[in-house]
Structure formats: structure tokens, C-alpha cells
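Undergrad: Here is what each chain is made of, one letter per residue.
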Amino acid sequence: MNQPQIALNSARDDLRTEPRLVRVVIIATAVTFLTLFVVMPLVVVFAQAFSKGVGAYFSALSDPEALSAIRLTLCVAAISVSLNLVFGLVAAWAIAKFDFRGKTFLISLIDLPFSVSPVISGLVFVLLFGAQGYWGPWLQSHNVHVLFAVPGIALATIFVTFPFVARALIPLMQEQGTQEEEAAISLGASGLQTFFRVTLPNIKWGVLYGVLLCNARAMGEFGAVSVVSGHIRGETNTMPLLVEILYNEYQFVSSFAIASLLAMLALITLVAKTILERHLDEGSTPRGD
Amino acid sequence: MAIEVKNIVKKFGAFAALDGVDLKVADGELLALLGPSGSGKTTLLRIIAGLDWPDAGEVSFDGENALARGAGERQVGFVFQHYALFRHMTVFENVAFGLRVQPRAVRKDEASIRRRVKELLDLVQLDWLSDRYPSQLSGGQRQRIALARALAIEPRVLLLDEPFGALDAKVRKELRQWLRSLHHEIHVTSIFVTHDQEEALEVANRVVVMDKGRIEQIGTPGEVYDNPATAFVHGFIGESIVLPVDVRDGCVRLGGRALNIAADGVACGASKLFIRRHDMQVGPAGSGVLEGAVRNVRSFGPIQRAEVALSEGDSVIEIDAPRDRELRSGDIVGLQPRRYRIFAA
Amino acid sequence: MGLTLTWLSVIILIPLAGLFLKTFELSLDQFWGILSSRRTLNALRISFGLAFAAAIVNLVMGMIIVWALVRYRFPGRRLFDAIVDIPFALPTAVAGVALTSLFAQKGWLGAPLAELGIKVAFTPVGIFVAMIFIGIPFVVRTVQPVLIDLDVEIEEAAASLGANRWHTVSKVILPSLIPALLTGFALAFARAVGEYGSVIFIAGNLPNVSEIAPLLIVIRLSEFRYADATAIAVVMLVASFLIIFVVNRLQRWAQTQMPAH
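Chains as they are written, first to last, in our numbering: chain A, 15 to 303; chain B, 1009 to 1353; chain C, 909 to 1169.
Some hints here could point you the wrong way.
Chain C side only, calculated, beta carbon under 8 Å to chain A, not exhaustive [said to hold, decoys possible]: (1) PHE956; (2) GLY957; (3) VAL978; (4) ALA1067; (5) HIS1075; (6) GLY1105; (7) GLY1112; (8) LEU1114; (9) PRO1115; (10) VAL1143; (11) MET1144; (12) ALA1147; (13) LEU1150; (14) PHE1153; (15) VAL1154.
Footprint (simulated), chain A over chain C, 3 or more residues, beta carbon under 8 Å [unchecked claim]: (16) 996 to 1004; (17) 1021 to 1035; (18) 1038 to 1044.
Please keep in mind that the hints were generated in silico from the structure rather than gathered at the bench.
Each residue gets a CB set at the ideal place from its N, CA and C atoms; glycine is no exception.
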């Protein structure tokens, strides 16, 4: 009774997939597209950076301008991340654990910097602090420099990276609900104790995730910072801005060397993000693991 | 259309979902595949439908090898447990789907399709929902639409996978009756899968009881209930009292003591005595073959259910008694099985 | 609460209020004058037009990519899945210089294209390419979870009713992906319109030809023509908000399509 076997094979093409040729074409198209548009640009960065050899690469990175830009970038990122961390935590806590009027407004507000062009973000700061801005004359008369100086860059970066921590935490905290906190309070813990002993450990992966993305954006921000910085060499150039300047001066190796650092930052961020996502997917973080 | 299934084997890795299944379905009958989860009943249904393929064995529709064709070509109407209605289409478009995707040569014109869809919606008494979307329907309504959709293509056999599993008890009961009368009206060979024995016994012409990839018994609801062929069938269908006994030389022993009941043709050795709860007569002490002390009693509806610790062996069983003679904790009662079966353990 | 709101107002509300207040300083005529200047109109046309076209490309390619990633198994699938996120994670200036280098006349991709007579860098085509680059993750990541969660039984139902593979895909699967596809499209579009860093290196930045609206804003700022810059910014903002509004609507519509279990 073996004849059914042959029939089995011919009719049994899995009814949930396409003919082989279609599959091959689709995969080939997807792979080619991604290779051309994503893989190659990434490779080009490193190829150009090392095009004059390893020595040229490292000397580009140890150039005083480069070092100053790296320092500035790290500094601005540290400021933005720490400030946005605190306020992201507070905002997420307020939204997730309490009910109050204007909650939806708050949430939309938090998303705002996310949806606005970075140039427009920079623009609003110029309008406020620029020579012809609202506070410009006042600031000038007090010799306080916001625009074309580090404070301006920091402010613009804080604005642009504001949503990341909050957006990572809000859904997480909403999902976790308030029962554990209520239990802690009923057992006599104070607000602060509850926060540090109960809330914080539960959200630690979300915090790391938000901080990671916030940091990546803070270090890589270009448009908004470009508008407020004035491009003063050695003083108000972050790494992305320096990449632009060097590129426009045809100093390709130097430009791509710095770009390669930023590219590596992006890759590390992606890897860390994937790892953290796996932790987040495991539901509420098991404590004491 | 008659269906014949021969020696079907289906393995998932090392797990045998179906382990040599033979079945004949008569034209026009309403058949239930009944069993616990993992018994293979859904796998068998899907193999008949063409949604899964056996590792070995034959399936034939009216004598023709069905395995030569895929699901779309076998003309089966499949109704899924969770309906699988196309949520972006209206009820009308859902039911018309099978008619609209037919190849040009066979496809009817739009007017005929409309007529047929209306006919079907009338049949399931839901034509007033024709323009709604599935998300706007209740569970029971969705199931009826899923059925109408399956019937639209004039299937030779209707296959239903736990069709009422996702509905509440009351809706389930209503739809059961409705399915039975529908089948009476349209007479399509139908097979449905269920783990609810009440449903199977109430609705089907014949019941196929399955366990662990094998068929335990095939018979009418009456046969399967009154004459269970194996211990599994007896235990799965209806409520049974099970007692471990030892059969030797035609003598049945419970906990060392001989019981005055026939050995039922079972060979020697450890066995199980099955008694349906309502077949156990309860009387005063000494009135029966078994004796025990009542431990606690719950009354509900027309019966009292009591936990009785038997004086033979360590068994504690649950018995049902009518409410006319009230039982109290501590009473000694005599228990006499009116009917029983013994199966080798 | 008070703390958050204070912080929020300082950091977000006040700057934005400043933006709108500045605009209201202009009379309607002036506002119109700025907007209808040839250069402004062209910049807006280029930004919105090319962003739309790029989003369309991302819609099609995104659908193909997400299908391959979710439905098929092939060597390197996980790697390509991760790669999709790169345009989102890479700093825009890095993307800008990389794309320019790649598509320049002597670049790895620019050279073969030049042979075919297609000039990419420093033309509107370059803008188009950069906008495609940054939009890649949006359609893919928005559609991916929906496609993964797609009910297997739906496909089996269609097959059992006699639909061939093409019918099943086009009439049953794709329609249920439409809300997610549109959302991804809108997100890619909104992002491309406002994009600055990735685009200005590869664009020719010639006024009226290859000048994007964000660049025009920057130029006006450097000329201290704050009012002009603001006017353009307001138009872009209003358009972005409209897009976000539409996206929210779409997402709400998508929810109604989900059966309530």
C-alpha cells in the first residue's frame, strides 16, 4: 500500500507558504536592498577612516580638536542623561501610579520632541536665547552665553532626548501596576523607601533601556545642536558637528575617523538594546536573580 | 459522502499523535470525535481536512484517495474553534469568500453568489447581520457565520474543531441543538471534535472515543454509555466509581474480602471494578455486597452526594443517593451495584 | 507632580510657546509673503515631495523585507533583522557623510550608477536616497509584530475554502496589515520631512533645486531673519502634527478591527 506516499509529496506543499521561486526572489530582493542601503554605508565609514592606514586613523583621533569634541560630547551626554533620567523617572512614576487631570496632555507633551524636526528644536532655543530672541538682550547684558556655548548645546540636547527614559518606563510601570507599592505602604514603608526598595528594582531593565537610548541620541544629535552651537572650533563642537566640519574641509580620513567612533557607539547600543529587550520581555523582572 | 480512514499514523517528533487509526464514516452521518486533550482527535480531523498530512496510512472520500489533493481541493468545509473569520471583511463578504475565489471557469456570477449567501445567512438565521464586521458579533453569532461560510462552497463533508469550546455554557447548549437540527436539514456528512462528552452523546449519531492516539470505541451514544468497551471509555464517559480488585478463580476480592459478584469474564489478576454512580444502590447496613461509613454529605438539587469510607480496603468513594432517606455523617450503609464492569488493570 | 510639570514647562512648553508667539508677531500678509516666496515654496515642495516618494519606496520594500524576515528562514536572517535598526541608531551626521561617500561620482555605488548616466550625490536623487535610508526601520518595525501575531487559522480557513496562495495573501493577509503599513508609512514620511543631518551632505543644497526646508530654516537663522525661519518652521510643525494625528486615528481604527475576545 505504498502509492499514497507519492501522492503525499506532490500535494503536500505547505499550504501556508509561497512557491519556491517567489520565496527566493523575495529573500534576494530584501537582502540586496538591505545590503546596498544599510550594510554598505556602514562599511564605507570604516573603509574611509582606515583608507590611509591605522596610523592616520589614530592620529586623527588624538588631534586636540577631536579630543575636545569627544570631551564635549561625553559631557553633554552625561548632563542630558542624568537630568532626563531623574525627570523621566518622576514623570513615569506620576503617570503610571496616579490618576490626575491632564494626564493625557502630559503624555502627548512628552512625545513632542520626538516628533519634531531637530532643526525646529534648535530653532526654538535660538528664538529664546539668540541675540534677537526673547531673553537674548537680557542675557547679553549679563554676559551669560547660552547660545554658541556649552549651555545652549546642553539645553538643546536635553530637549531632544527628553522622551527616551519616560517612554521606556511608562508602559513598563503601567503594566506592573500599583499593588506592590500599596503592599509596601500598608506594611509601613515611607514613600521614598517604597520607591527605592520596591519600585526601582522592578524597573531596572526599563531604566537601563531608556538610559541607553537617551545616551545614543544625546551623543549623536546633530541638527538641533548644529543650530545652537555656532560651530566654534575647539569649544562648541560636538563629535557630530566636527564630522561635518572636517568633511566640508575635505579632511576625509579625520572626518570618518570620528564618524567611526559614533558608528561603533551605534552598534554597541544596538547590541545592548537587544540584550535588554530580552530581559524586558521576560515580564516583570525577577528580583534577586 | 462516505469517508474511510485506514491505519493513519502521525508523529510529532517522538510523540505519536495518531497511532494506527481506522475509521469508516457513513454518508450523511453526524460523527463525534471525543477524547481528552492529546488524544489525537483534532489531528485526525485536520488530516481528513487536508490541513495536516499523515506519516502513513490512507484517507479516501467515496473510494477516491483524498491525500492526492490539498485542503482547497477536497471540498471540505472546516469550522475552526476560534472561528477564523476574516476581520477586515463584512459578514457577507466572509460567507461569499469561498465562492469568490473559485477559478474563473467554475465561478458563478455575482448575482448567483449574492443569492447563495443570502440563502445561507437565512439558514443560520443571521441575514440581518450581513453588513456587520466580525468584531461586532457575539461568540455564538460568529460561530454560526463561520458555519455558513464553510457551507457556502457546498462541501462534501463538514468538519468542526471544538465548535462550541469558546462559548459560555448556555450558548453552547443552544448551539448544540441548533447544530443537530441543521444537520437534520442539510444532511451533509459531518464530523465534529469535542472533549465534552455530554455534547458528543447529545448531538452525534455515532461517537468515536479516542485516547492517546488510538480509538478506544466506536458506537452510538447509547452503546458507548451502556456498554463501554474499555476501562478508559467507562471512566471517561459518565461518572464512575472505580475500585481496585483482585480476580482469582472467578472470585472477586476487594481489600482481601471476597465480593459476591460475578467476575464478568475477566482473567486472573489485578483489575478495576467500574460502577456508575447512579447504578450503586444505597441501603441500610448489610443490604449490599459492600459496606462503608458515611464521612460527609452534600445535598444539591434532587440528590445527596456522600463520601463513604469502605470497610474493605482503604477506598473512599463518592456515592449518590435520593433525598428521601437522609444520610448523616457516621451512618453505616450497604452498597449494592446494580450494574458493573470489570476490566483488567 | 509639581516637579515634573515645572520641568516639562521649562524644557518644552516655553520654547514652543516662544515659537508660536514669534510667528504671531507677523501679520497674516507677512506670513503669507514669506511662505509664498519662490524659494520657500520650492524648499517645502522638495522636502514634502521627496519624503512622500521615499516613504512609498519604504512601504513597498518594507513589506518585502518584513515578509522575508518573519515568514522565511535563510542564513543570516537574524543578522539582517538586527541591521534594520541601524538607520535609526546611527547618528545622522555619520549617515550623511557615509551616504555621500557611497553615492559620490567615485563612490562604490556612485561610480556604477554614473556609468549608467545616473547622478546621485548633490542632486535631488541624493536627497531621495538619504530619505529612504532613514525610513527603513519604520515600516518594518511597525508591521513586524502584527505579522508575527497573525492567526494561523485565518490562512488555513482561506485555504480550506479553496483560495490559492495568491488569493490568500492578497485578500486575507495583506488587508489585515493595512493599518500597520499605513502607520509605518506615516512615521517614515514624518521623519523624512524633518530630517537634516542625513540629507544635507548628499543634497546639492542649491536653492530651488535641491534645498530642503530644514536647511532653509537654518540659513534664515544665520541671516537673522528669525521671522522667516519661524514661519517655515510653523508650517512644518503643523504638517507634522497633522501626520501624527492621522497616525493616531489609524491606530485607533486598527484597534476596532481586532476582535474582542
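Undergrad: For each hint, tell me whether it holds in the structure or not.
TA: Each hint tested on the structure:
1. PHE956: violated (12 Å)
2. GLY957: violated (16 Å)
3. VAL978: VAL978 of chain C check fails; min Cβ-Cβ to chain A is 11 Å, beyond 8 Å.
4. ALA1067: Hint holds; ALA1067 of chain C Cβ to chain A Cβ min 4 Å, cut 8 Å.
5. HIS1075: violated (12 Å)
6. GLY1105: At 4 Å from the nearest chain A Cβ, GLY1105 of chain C passes the 8 Å test, so the hint holds.
7. GLY1112: With Cβ-Cβ at 14 Å, over 8 Å, it is violated.
8. LEU1114: violated (16 Å)
9. PRO1115: violated (17 Å)
10. VAL1143: The hint is violated - VAL1143 of chain C has no Cβ within 8 Å of chain A, the shortest such distance being about 11 Å.
11. MET1144: Nearest chain A Cβ about 6 Å off; hint holds.
12. ALA1147: Not OK, violated: ALA1147 of chain C not within 8 Å of chain A, min 10 Å.
13. LEU1150: violated (11 Å)
14. PHE1153: For PHE1153 of chain C, the interface hint is violated, since the closest Cβ of chain A sits about 11 Å away, which is over 8 Å.
15. VAL1154: violated (12 Å)
16. 996 to 1004: holds (count 8)
17. 1021 to 1035: Coverage by chain A is violated here, the residue count being 0 at a Cβ distance below 8 Å.
18. 1038 to 1044: Per the Cβ count (3), the hint holds.
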